[in-house]
Amino acid sequence: MNLEQFIENFADLFDETDTDTINATTQFKDIEEWSSLLALSVIAMIDEEYDVEFKGDDIRGSNTVEDLYNIVKSRVE
Amino acid sequence: MAKISFHGVGIKAISACVPKDVVYNRDLGYLIPQEEIDKVIDNIGIEERRIAPNDVTASDLCFKAAQKLMDDNDIAPESIDVLLFMSQTSDYRIPATSCIMQHRLGLPKTTLCFDISLGCSGYLFALSTAFAYASMDGINRVLLLDGETFSKIVNRRDKVDWPLYGDAGTATLVEKGDFDDATFILNTDGSGEDALKIHAGMRNPITPESCVEREQEDGNIRNDLEVFMDGMDVFNFAISKVPRCVKELLSVTGKTVDDVDYLVFHQANRFMMDFFVKKLKMDRTKVPYCISKYGNTSSTSVPLTVASELCGKLGGENTVVMSGFGAGLSWGAALIPMKNCNVSPVIEY
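Protein sequences, first through last, are from chains A and B.
Using my numbering, you'd call the opening residue of the first sequence number 9 and step up by one each time.
Using my numbering, you'd call the opening residue of the second sequence number 345 and step up by one each time.
Since the hints were derived computationally from the structure, they do not count as laboratory data.
A quick note: this is a predicted structure, and the numbers were derived from the prediction, not measured.
Treat the hints with care, as some may be off.
Pairs of lysine-lysine residues, derived as DSS-like cross-links and limited to a Cα-Cα distance of at most 25 Å, are as follows [said to hold, decoys possible]: (1) 37/A / 637/B; (2) 63/A / 37/A; (3) 637/B / 496/B; (4) 63/A / 585/B; (5) 585/B / 81/A; (6) 383/B / 63/A; (7) 623/B / 63/A; (8) 81/A / 623/B; (9) 37/A / 503/B; (10) 63/A / 541/B; (11) 63/A / 622/B.
I would like the entire structure built from these sequences, with the hints used as guidance.
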């Protein structure tokens, strides 16, 4: 798996946010559109695209998009 | 894995009763910023819910549903051998509500009664118990009452739980007859006990402190006698277990999704059910939703969905799959071959 694709999958979950503004270092919880429901979309996307189980604590413990990517990557391998 | 099959036992009738009072999620402006409300409603798929008044309990709703079922099907009280009451919002801590219902419904003193307590997966587990009793020599009819009033155990200032839950009561009549085999798969993972919990009980004895409302995670307000849910953990649990469990059920029964006439999910929220439908490549028209009208009624949601959406559709023979999942963690699925199941329309209390 690669980071670029993960960022694209992540950015696709947002409706009102300019996806170009989302990159590896984006503090995703600071995005105005971020919500608990979007967190569920992230868990669903990670299940569908990477077949990885993602818990609430994984989201709570992450700050940037790359943090999320690193957790997923560690479980894919 | 508990995989169970039953022979010559089936569901004869189902009925449901909901409170008259409607609460609209569009009125949640005090809890959720107005501009986000539409999005929340769209995601969880819940426009409105039924909330029981203070003096109406889950057993009251079940009582009405049971009366309706017995009237519509000419069921004599003395023909019922077993009465089960499945709920986590029972009338008292002692005695079991099923005993009170035996008397109230005029069932004979020879009736076997007990309560079953489980979360949103409860109907599947209770139904398997009803099927088990109905399979035994000496038992012909089992009346299963499944009712919940989560409005009484959810804080109105808890923005995770309050928009979701509604109240309802149902009755299901299980009996011996010329039914094809029914199969249940039932699972448990207690390592997830913290995902959905009411803290106060025997482990954490109730004190005056337990009743004090406190600000918890993300500004949600609740006391120790009210439900907490980690929405993300429950979601992760459900999407990883539920579709797999349904697939396994189809595989052990030698069926495919095309053989299923209706797939009735526990009505957790629309976002989750849409995910299951997509993951199972299920024809959406075979998956009834009643969530927009009644919200998440915990274990009651499966029979409530049957009463609300399949009334008049289960005459003849139909293959119905039911799927429940929730606190415990606990999840299961059942393939129930229906034969002339008489579904009464939902009534109001």
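Comparing the hints with the structure gives:
1. 37/A / 637/B: This hinted pair is violated, its Cα atoms lying about 32 Å apart.
2. 63/A / 37/A: Judged against 25 Å, a Cα distance of about 16 Å means the pair holds.
3. 637/B / 496/B: Within the cut-off at roughly 19 Å; holds.
4. 63/A / 585/B: holds, 14 Å
5. 585/B / 81/A: holds, 21 Å
6. 383/B / 63/A: Status holds; Cα separation ~23 Å.
7. 623/B / 63/A: holds, 19 Å
8. 81/A / 623/B: Given that 25 Å is the threshold and the Cα spacing comes to 22 Å, the pair holds.
9. 37/A / 503/B: The hint holds at about 18 Å.
10. 63/A / 541/B: Answer holds: residue 63/A to residue 541/B is near 17 Å, not above 25 Å.
11. 63/A / 622/B: holds, 21 Å
Hint compliance for this structure: hint 1 is the single one not met.
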